[in-house]
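*Asks:* Starting from the known structure of chain G, arrange chain P on it as the hints suggest.
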Amino acid sequence: MIVWARHHRQALAAAVASLLRAPLASLMTIGVIGITLALPAGLHVVLDNLSRLTGGWTQEAGEISVFLKSGTSTATAEKLMERLRRDPEMTRVQHVTPEQALREFRSRPGFGESLKALDTNPLPHLLVVRPAPSLPAERLEQLRQRLAKETAVDQVVLDLAWVRRLQNWLELAGRFAAMLAALLALGVVLIISNTIRLAVANRRDEIAVTKLVGGTNAYIRRPFLYGGALQGLLGGLLAWLLTLAALWALSGPIGELTRLYQSEFSAQGLPVREWLLLVGGGTLLGWLGAFLVSSRHLSAIEPT
Amino acid sequence: MLQLTHVGKRYPSGYEALKAVSFTLDDGEMAFLTGHSGAGKSTLLRLLALIERPTRGQLIVGGRNLERFPARRIPHYRRELGVVFQDNRLLFDRTVFDNVALPLQVTGTPLAEIPKRVRAALDKVGLLEKERLSPIVLSGGEQQRVGIARAIVHRPSILLADEPTGNLDPDLSLEILELFLDFHAHGTTVLIATHDMNLIKVAKQRVLQLDHGELMLDTGRRE
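If you're matching them up, the sequences are chains G and P in order. Start counting the first sequence at 1; every next residue gets the next number (the UniProt record's numbering). Start counting the second sequence at 1; every next residue gets the next number (the UniProt record's numbering).
Because the hints were derived from the structure by calculation, they are not lab data. By construction, the Cβ of each residue, glycine as well, lies at the ideal position given by its N, Cα and C atoms. One or more of the hints may lead you astray.
[As the list claims (entries may be wrong)] Partial list, computed: chain G residues near chain P (C-beta under 8 Å):
(1) 206
(2) 209
(3) 210
(4) 219
Excised from the complex, chain P in its bound form:
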């Protein structure tokens, strides 16, 4: 469960990215985080991935209090998350396979098991035949799918995505959405930050709308 209570983030410059945001996302729930650019979507995801810390309020993920979470435990916390970025953050000097294998390597997964799980993840995003290529020769949509494969290969309980379709045309965006809906159907908690209204309309899921750092709209849980 993801629980935010009056969460605020003020940067040293004085800029207030988030002001007292409160909502709860149950285990296995799916939601879209939307709003204009600069509304605080990315900041909220960064707080959840412990890339940044909140300056105010309480942030509880899976029973853990993130605002007082010890720094040396952060890697172990992040292993329970899958994070997808708009700029996919792939390593271009490694093959698709090695990019996807990274989350398994850091946890010391048995070497014999890594290929199986990497191929399962690549199969899910439809890139099984491209595992030996460098991500640089792939199209934007394919690169984004490699990023998604990397985010799910270690079977995280929570999947966070920051504008996962930001660079893609509408058809590709819908393909990516299907993937997220599928993970949700398999019980993963999914939170997607996007300003793609078409995506939100098609998905028919809960929407949380941010405006200048404040939560303006919460459609509530949809089933």
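Just chain G, same shape as in the assembly:
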């Protein structure tokens, strides 16, 4: 156990030393890994922020405002509301009477004065319909048409339907990002494999001599595994820094936009879980890449 720990400490030191021996080559490898990992990580950050941004609108997303013809009686409006409530495609139907609407308008600054000039209430009955959340975006339009055919109905307005469609798109983009991440993870494994293969070839003599004095394959392989894992780790950290830098560079325009939309929204970097996934994943991929080539290439080198 002590020998084992000693060997691992030795291997880590050897891996660090060999990274520092060729700093430029190491930096290039780490740079390539960093950029490769930054791509899916950055995409994830963008999607994460978009879905958080639009998440706030989901409540209202897809709500349907049904304006009844003016002159419709309260009784007719309530009868229609009762009927719509039994419809499985709707989760909630709310009745806003002309009186309620007028009161709400009056409470808003600037409206009160102008409304006083009116002697009758010009506002129609309004039914606010919330469709079932499971209803896909494309069915909303059908629902709207169905509601418009009701005799008492004057006009049907779909609120923020585009948000639902956007969220469908975001989900699709999320899947695309996952696929891209898998592909690029494979890329990282190949990059590290190639780097480690070259490192093994460069150190043929050292490997042969070490075998000659009784070094086991595991002993000889260990520094290469640490080297791969270390480059993966540093690549993962670089990818994280790249997403932070990109976010920082974009923070000006994002702030401008959110101010324009009077939103509380502020863009965020990688959440902790994803950060761990990025850095840990990079380390694991590096180790895997090194493992895949070193086992095969090391056993091919024998002392003569």
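*Replies:* Only chain P this time, still in chain G's reference frame:
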């Protein structure tokens, strides 16, 4: 004990490097393996270090049967040997100290103990003050002595040397011989392959002479 019984080595090309060689070397014994180049000296040492396997016969070292020795145990077997090569096989990107420390590192020797033992080995070959240098700046004789220090640093019970003085002038060769005689005096089994007759004459040890892969002469044990 080193025991060879009808050991033969035939390469895939059909070339027969060794033909039915038999001899026994007791623990702590010293012998020279001699013969013209291509007689099979190096091949015999390679079989003993398990760099190659015999195609015929039986090879027993310290009670272990080498022709059926499992490959994954080879590193552990090699830790009981010290091997010196004509081309010394030093690593030129490491210091003298690190070259000599290698056999200790692979066995997981405690870090505190490594400097002590490396310096003891370097002291023995007279290179204590050169431990921080790269072997590349050393002379041929010094490089060979670094190779010997690496071969003995882990106190092996068997020391094998393949033309250890091949590149050295006679005076240096005798210095190296003194080292081997000293290890022998301390109980190490020593087998040296050489065609340096002067060395053999001075050493007054057992001689095994190979000729075209066959053992032609065995002077027997000398005391």
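*Asks:* Take the hints in turn and mark each one as holding or not.
*Replies:* For each hint, the structure was consulted:
no.: 1; hint: 206; result: holds (6 Å)
no.: 2; hint: 209; result: holds (5 Å)
no.: 3; hint: 210; result: holds (6 Å)
no.: 4; hint: 219; result: holds (6 Å)
Checked against the numbered hints above, the structure violates none of them.
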